[in-house]
Amino acid sequence: MKRCDHTHWLALCSSQGGEHCLVVSDRSQKIAGQIPNPDHQTPSLITLIGNVVKSTALRHVFGVRRIRRSAVKRGKGEIHLHVDPSTYFNERPILVAEGDLPSNTSAAANIPLDKCHEVTRRPIKRPNENFGPDRTAESLYFDLLFPFTDVYCFFCDDLGGLKQIARRLAAWLEGPSMVPPGSTHPRVVVVTEKIPPGAQSEDDARMTLLWLVRQETTKNLSERISGVDVIAPFPNGVISVDSHHRLLKERLMKASDTVRNDRAASRWLFSVTHFTAFLKHACEHFTDLIEPFDFIKASRVHYPVASDLSEHLSNFLKNITSSDKLINFAAPFIASSFLLDNYPPDAHRMSPILFRALPRSSTLLHAPSRSFTLFHALSPSFTLFHPLS
Amino acid sequence: MFPPSDVFEVLYQDAVSQLSEGMTGVGVNSDVVRSGWSGWSGFVGSLERHLGECFERLVKESVSASDVHRRNLRRFKDDWRYIISTSTCLCCLRRRPQYALACGHVVCENCVLVFGDCCQDDPWIFKVTQCFLCSATMPQVILVKVNPPTAGVGVLCIDGGGTRGVVPLMLLKRIQDRLGFSIPIQRLFKLAFGISSGKSFPCLRGDPDEFRGIDSVSLVRNWFLR
Numbered sequence: 001m002k003r004c005d006h007t008h009w010l011a012l013c014s015s016q017g018g019e020h021c022l023v024v025s026d027r028s029q030k031i032a033g034q035i036p037n038p039d040h041q042t043p044s045l046i047t048l049i050g051n052v053v054k055s056t057a058l059r060h061v062f063g064v065r066r067i068r069r070s071a072v073k074r075g076k077g078e079i080h081l082h083v084d085p086s087t088y089f090n091e092r093p094i095l096v097a098e099g100d101l102p103s104n105t106s107a108a109a110n111i112p113l114d115k116c117h118e119v120t121r122r123p124i125k126r127p128n129e130n131f132g133p134d135r136t137a138e139s140l141y142f143d144l145l146f147p148f149t150d151v152y153c154f155f156c157d158d159l160g161g162l163k164q165i166a167r168r169l170a171a172w173l174e175g176p177s178m179v180p181p182g183s184t185h186p187r188v189v190v191v192t193e194k195i196p197p198g199a200q201s202e203d204d205a206r207m208t209l210l211w212l213v214r215q216e217t218t219k220n221l222s223e224r225i226s227g228v229d230v231i232a233p234f235p236n237g238v239i240s241v242d243s244h245h246r247l248l249k250e251r252l253m254k255a256s257d258t259v260r261n262d263r264a265a266s267r268w269l270f271s272v273t274h275f276t277a278f279l280k281h282a283c284e285h286f287t288d289l290i291e292p293f294d295f296i297k298a299s300r301v302h303y304p305v306a307s308d309l310s311e312h313l314s315n316f317l318k319n320i321t322s323s324d325k326l327i328n329f330a331a332p333f334i335a336s337s338f339l340l341d342n343y344p345p346d347a348h349r350m351s352p353i354l355f356r357a358l359p360r361s362s363t364l365l366h367a368p369s370r371s372f373t374l375f376h377a378l379s380p381s382f383t384l385f386h387p388l389s
Numbered sequence: 390m391f392p393p394s395d396v397f398e399v400l401y402q403d404a405v406s407q408l409s410e411g412m413t414g415v416g417v418n419s420d421v422v423r424s425g426w427s428g429w430s431g432f433v434g435s436l437e438r439h440l441g442e443c444f445e446r447l448v449k450e451s452v453s454a455s456d457v458h459r460r461n462l463r464r465f466k467d468d469w470r471y472i473i474s475t476s477t478c479l480c481c482l483r484r485r486p487q488y489a490l491a492c493g494h495v496v497c498e499n500c501v502l503v504f505g506d507c508c509q510d511d512p513w514i515f516k517v518t519q520c521f522l523c524s525a526t527m528p529q530v531i532l533v534k535v536n537p538p539t540a541g542v543g544v545l546c547i548d549g550g551g552t553r554g555v556v557p558l559m560l561l562k563r564i565q566d567r568l569g570f571s572i573p574i575q576r577l578f579k580l581a582f583g584i585s586s587g588k589s590f591p592c593l594r595g596d597p598d599e600f601r602g603i604d605s606v607s608l609v610r611n612w613f614l615r
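As you go down the protein sequences, you meet chains A and P in turn.
The first sequence begins at 1 in this note's numbering and counts up one residue at a time.
The second sequence begins at 390 in this note's numbering and counts up one residue at a time.
Quick caveat, the hints were computed from the structure, so don't treat them as lab data.
In this text the structure is predicted, and so the values were computed from the model without any measurement.
No false leads were slipped in.
Per label pair, the in silico range of CB-to-CB distance:
1) A:Arg65 <-> P:Gly434: 51 to 59 Å
2) A:Leu289 <-> P:Ile473: 40 to 48 Å
3) A:Asn328 <-> P:Gly569: 51 to 59 Å
4) A:Arg59 <-> P:Ser406: 50 to 58 Å
5) A:Glu174 <-> P:Ser406: 29 to 37 Å
6) A:Glu311 <-> P:Asp548: 43 to 51 Å
7) P:Pro537 <-> A:Asn37: 25 to 33 Å
8) A:Asn328 <-> P:Ile473: 18 to 26 Å
9) A:Asp39 <-> P:Val556: 45 to 53 Å
Quick reminder that beta carbons are idealized off the backbone N, C-alpha and C, glycines included.
Assemble the whole structure, with the sequences as input and the hints as a guide.
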């Protein structure tokens, strides 16, 4: 079978009945399969939003080659996913999601159906009457990708200027907050060539952008993002194209570093394996629920907390006869049982949903993760065990 | 790994809150109340703090959660001598218990898998030599055979025909020879169905008593018994 070089990842479409669908390809899983050490490498996701200038930056900044497929035209609001090829073997592979932010969406998904990749179509059942086509297209970037993105990079000259970007940000702020509890917030970077390069003009443009956002909404941008930068790379001709884009890359990576450090400090930095699995769950969550995506709940989808946990705890606590025992015996032991329940070996690098079949080595059979995925709650009956004869 | 405070809040706080709805009889022993119960919030705070400490140990010592829990089981072994439950596996506080040990404690299969010793000869047989809770030595080593996770329920279904059933019979024999097991191939199936001549095979090649659940939708005579 020919190698799949399609980069389509997410898109929206409308059925004849007006129902919106999220169309997802297996692009993220394919990329994960190409990463040499997915259980240890921890990716960073940078989301580029624009069109012509964005595409140029994609090639020069992240080394993504253009796929010459004139027969496949991009649909509006499609998001493509790439890997910076120079980072495949790095501890930190750079994933790049990119697409446009159309002003009106005909919601035409154009992910080509081909035997080389898998496409899933999920109807959007989110119960929100204001969930119109424009809101849906933005929500792919700001809701679905929010927990995973380090940096949102807007190409100002593609999107109609700072005012348009401010309107989009304000519209996002006005919508329901889908910020996952405890998550780190991404940074916003706006790239423009319409202002003179230099720290002062960049800072002035940043203040202008924030002012424009405040004109559109009373909501605070800092509730959802950790910072805003405006970057004015040196115009082409002043320095070489490569230098121009190298400077841009340095600034983007610096912004990503800041967010990544926060993720590492708060233990929200995931391996490629976990990152991909959570993305898959996030896509399912996006179509069904209006509440923020919760990584912890997603990690327990296939191994939920016992529904009768309070009954079991109560059965145990009935035997505790003093407050001293309650504090010095029951509490630490219950805490230890919670630890056993939620942290199998290599948890977070190998949480229960991502558990892969391990070889039948006796040492591995002691791993609680094996038991968590393979064994279910047993019936109340018990047997007085007789040794095997 | 997810921060323990977030994990507690998302996954366990609801269950613990339900305990507080009844201070006596449901959640907490009445003796505790009489002995000067300081309040539910103190208990929950202590629980969160201990979870954080366990987590720190997990990270700093690079051990597994089962190692940390095993250590806690042994730490309280004297307390476990006086606590028995047949409704809850006291080892994990998560499942119904299944295997009763000589000391009176009853544990679940999962805890046998996690805390028992794996046999060297068979990775699906686990030995229990002492109680995980009170550390009482078992008078005899207990062996627990666990069903491998990849073992499903084998169902054999043979169609009729095939020159009076000779063809499926020979195919089964070839498969049996290729597998090279010392047991008849029927032992690999829990349930068998046969149509027409196909219904005869389970009875023909093995002990029919070993084979349960044979069903036949055919009223045709068994040609092989002629």
